Amino acid sequence: MSRTILHVDLNNFYASVECLYNPEIRDKPVIVCGDAEARHGIVLAKNGPAKALGVKTGDVIWQAKLKCPGLIAVPADFRKYLRFSRLAKAIYADYTDRVEAFGVDECWLDITGTEKLFGDGETVANQIRQRFREELGLTASVGVSWNKIFAKLGSDMKKPDATTVITQENFHEKVWPLPVRELLYVGRSTRTKLQNRAIYTIGELANRDIHSLRLLLGVWGETLWHFANGLDTAPVKFVGEESVVKSVGNSTTAVRDLQNFEDVKMIVYVLAESVAARLRDHGLKCTTVSISVRDKELHSFDRQGKLSVRTFLSGDIATKALELFSANYRWDRAIRSIGVRGADLVTADGHIQLDLFDKDKTQMEGLESAIDKIRQRFGQYSLQRCTMLFDRKLTGFNPKDEHVIHPVSYFK
Amino acid sequence: MFYIEVVNVSDKKFVDVTAEHSRDGKVKPLSITWEDGRVYSVDRVLDVRMAAALKAGGQGIRYTCRVHGREVFLFCDEGRWFIES
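Here the protein sequences come in this chain order: E and Y. If you read the first sequence in this note's numbering, its first letter stands for residue 3, the second for the next number, and so on. If you read the second sequence in this note's numbering, its first letter stands for residue 543, the second for the next number, and so on.
There could be a bad hint or two in this list.
To be verified - Dumping the calculated BS3-like pairs for lysine-lysine here, alpha-carbon to alpha-carbon at most 25 Å:
hint, chain 1, residue 1, chain 2, residue 2
1, Y, 568, E, 30
2, Y, 597, E, 82
3, E, 53, Y, 555
4, E, 30, Y, 570
5, Y, 568, E, 91
6, E, 267, Y, 554
7, Y, 570, Y, 554
Simulated from the structure, these hints should not be mistaken for laboratory data. Given the structure is predicted, the values throughout are model-derived calculations rather than measurements.
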């Protein structure tokens with residue numbers, strides 16, 4: 003049976019919320035940006051007038067101001083956005099229990115089988131849009147289709163405040179002429195590869211021989227071919243259905259450029275502690291540690307290495323991360339941001355292979371869980387490593403609790 | 543003779559509110575205290591719904607109240623009350 007799937011995309015989400023609270027700036031070009039003093043000063047979202055003047059998400063604030071004199075920059079207030087995201091989900095919950103979030107401002111809804119209750123997909127989509135306008139003061143664009151990929155494509159086609167329906171009958175005309183980059187997971191490098199084979203539109207991708215795509219892109223080729231033909235069958239997850247965690251990572255852009263190994267060490271310890279604490283929260287251990295480093299010219303690289311034992315100890319993770327770092331960085335340039343990630347996760351209570359020569363870890367594990375408890379009761383900064391105190395400004399951030407909006411992947 | 547009334551339409555006025563919280567979680571505003579101390583009793587609550595305050599700027603639970611024969615929108619935005627008129 004054909005499914006009815008909605009993809010709801012809140013238009014210019016952060017900027018719309020800010021404009022809702024400040025009606026006097028509604029018709030002026032507005033951007034929402036990160037904290038410039040902490041060097042997170044890029045455009046996170048913009049409203050319609052700013053978009054019309056060529057401001058792009060990811061621009062540095064001064065770049066955006068050059069493009070658009072008189073631009074109003076509003077600092078981001080994530081608490082407010084999360085609240086609206088919650089309110090939006092409460093509206094979805096009136097229609098279905100299959101709601102899968104894709105970031106804070108996008109959701110898939112599976113409303114298959116509710117036609118008798120609420121009407122067909124388009125009716126529900128229009129109703130949801132109307133309720134958003136009246137109850138939240140926000141606009142949304144909705145795509146209606148029989149699979150998640152085309153529903154998402156649909157929500158991107160007409161903006162703002164519109165419904166696009168893509169059916170089995172009309173997708174040849176509606177979807178296939180679109181450039182191939184519109185498809186989820188066709189980024190810059192995939193696009194170049196496809197263009198080298200004269201594949202410019204989604205239709206050209208769909209009509210290619212699947213085996214040649216496999217030769218070109220590997221398994222991805224097959225996946226994208228299925229996407230383009232509307233054969234994606236991924237289900238919309240139930241509310242509260244948590245996806246399996248594949249890796250746990252944190253990264254940060256430091257308040258100043260990192261000049262030497264000591265600076266890097268401080269940041270890596272903060273990140274490793276957060277990663278380790280989150281692993282312990284989930285009852286997981288990691289067996290691989292990876293780092294990502296970006297220098298001040300914005301060149302970046304990733305490296306990963308296997309641990310000899312599975313661990314959720316911050317010390318082990320930090321040591322490995324620093325080892326990877328010193329083996330791979332030669333200090334040509336100062337560093338802007340660093341990330342630490344634990345991957346290849348296993349459950350923490352599994353059996354372990356003991357090391358003949360290594361020390362027993364159980365004592366350290368006890369120590370770290372004691373630290374967790376102390377921090378829970380008396381605050382993150384009640385107990386810190388000595389290293390952190392060399393530069394409190396640099397280490398004065400808490401990735402575990404401050405970062406609650408995480409990037410998401412379609413393949414969970 | 544002309545009476546000129548200056549009304550700042552787009553103004554958002556935060557007010558003190560006396561409300562009745564019932565056992566089943568319902569909230570009913572009883573009176574509004576203006577910033578100069580005048581108290582207006584809410585004669586009747588005509589409608590309660592979630593709504594955006596597009597003129598005043600904000601969002602919350604909107605109580606359509608009759609006060610002195612006039613209809614006013616009283617919003618409760620996470621515990622802070624404001625009037626849109």
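> Taking 25 Å as the top limit, are the C-alpha atoms of residue 570 of chain Y and residue 554 of chain Y close enough?
Replying inline: With Cα atoms ~21 Å apart, residue 570 of chain Y and residue 554 of chain Y stay inside 25 Å; holds.
> Given the proposed pairing of residue 568 of chain Y with residue 30 of chain E, does the C-alpha separation stay at or below 25 Å?
Replying inline: Since the Cα atoms of residue 568 of chain Y and residue 30 of chain E sit roughly 39 Å apart, the hinted pair is violated (cutoff 25 Å).
> Can the restraint linking residue 267 of chain E and residue 554 of chain Y be considered satisfied, given a maximum Cα separation of 25 Å?
Replying inline: Violated, at about 50 Å.
>> Check the hint pairing residue 30 of chain E with residue 570 of chain Y against an upper bound of 25 Å on the C-alpha distance.
In response: violated, 37 Å
> For the pair supplied as a hint, residue 597 of chain Y and residue 82 of chain E, is the alpha-carbon distance within the 25 Å limit?
Replying inline: Holds. Residue 597 of chain Y to residue 82 of chain E sits at ~19 Å (cutoff 25 Å).
> Is residue 568 of chain Y within 25 Å of residue 91 of chain E, Cα to Cα?
Replying inline: The given pair, whose Cα atoms are some 22 Å apart, holds under the 25 Å limit.
> Does residue 555 of chain Y lie within 25 Å of residue 53 of chain E when you go C-alpha to C-alpha?
Replying inline: violated, 32 Å
In the structure shown, a violation is registered for the earlier hints numbered 1, 3, 4, 6, in ascending order.
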